[in-house]
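Undergrad: Numbering that gives the first Met the number 0 numbers the first residue of the sequence shown as 0 and each following residue consecutively.
Just so you know, the hints here were simulated from the structure itself, not pulled from any lab data.
One or more of the hints may lead you astray.
Quick list of in silico lysine-lysine cross-link-like pairs, PhoX-like style, CA-CA up to 20 Å [said to hold, decoys possible]: (1) K136 x K76; (2) K136 x K181; (3) K181 x K220; (4) K76 x K181; (5) K35 x K76.
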Amino acid sequence: MKIALLIQYDGSVYHGWQIQIDPETIQGHIERALCKVLGREIGLIGSGRTDSGVHALGQVAHFEVEACSIPVENLWKALNRQLPDDIRLIASSIVSDDFHSRFAAVRRQYLYQITTAPNVLDRNTQWYVRHRLDISKLHSLSELILGEHDFSSFCYAGTETENMVCNLAVASWEVHQSGVMKFTITGDRFLHHMVRMLVGSMIEVARGKWDIEHFSTLLSKPNRQAHTVTAPANGLALMQVSYPEDIQPSW
């Protein structure tokens, strides 16, 4: 039996999603909860490895088990009783054998939040930028990255993946009078640190430190060793992971 979980978490105090030997991770907490509830060690596979400090409102993970002693549609409730308050399961569902939380995903959506007017209550979910920003440049840059591109210039230099091509369906900035700016980006796949590097580099242009041509060159002439700026992890959240209709979990 294959079971999928829909997960939310505040990643502020965790060393990312992926389980590690010592540091606290999201995957580690949920696997321990599964062991307590189902009475056996279970390996959990997530849709992606969010970094330290990154949040999620729509992370998806799956695991396989011969039988479940709890009705699967109620499993998430039992697991929540074993989890800290900053990690919450939203749903659990039986999925087909063809389902794979990572490899079957066809679209992922992220949200990055910036503020120019800091609020102490939002310090863990927004990047405070002190500089005056040219919003029109942010809009221009978001249009520039739409479609299919090689994003080698906007990923961690040590990334082992050879294919750096991603197809972005959505990239847009929403600006609020409160000083909060929300960047929504949706694509078929994302590289390590890609969203944070795109945002950090866009802000360099919007604050006047780079010109648009420099950003455009990074995009048109991919280079893993290119100098880009990485935005802080706390502003980033994985919002949604989508799958083909025939295997999409029925949350």
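Undergrad: State for each hint whether it applies.
TA: Consistency of the hints with the structure:
1. K136 x K76: At roughly 45 Å apart (the allowed maximum being 20 Å), K76 and K136 break the hint.
2. K136 x K181: holds (15 Å)
3. K181 x K220: Violated - the C-alpha atoms of K220 and K181 are around 27 Å apart, more than 20 Å.
4. K76 x K181: Violated: K76 and K181 sit about 31 Å apart, past 20 Å.
5. K35 x K76: Distance ~13 Å between K35 and K76 Cα, so the pair holds.
Hint check: violations occur at hints 1, 3, 4; the rest are consistent with the structure.
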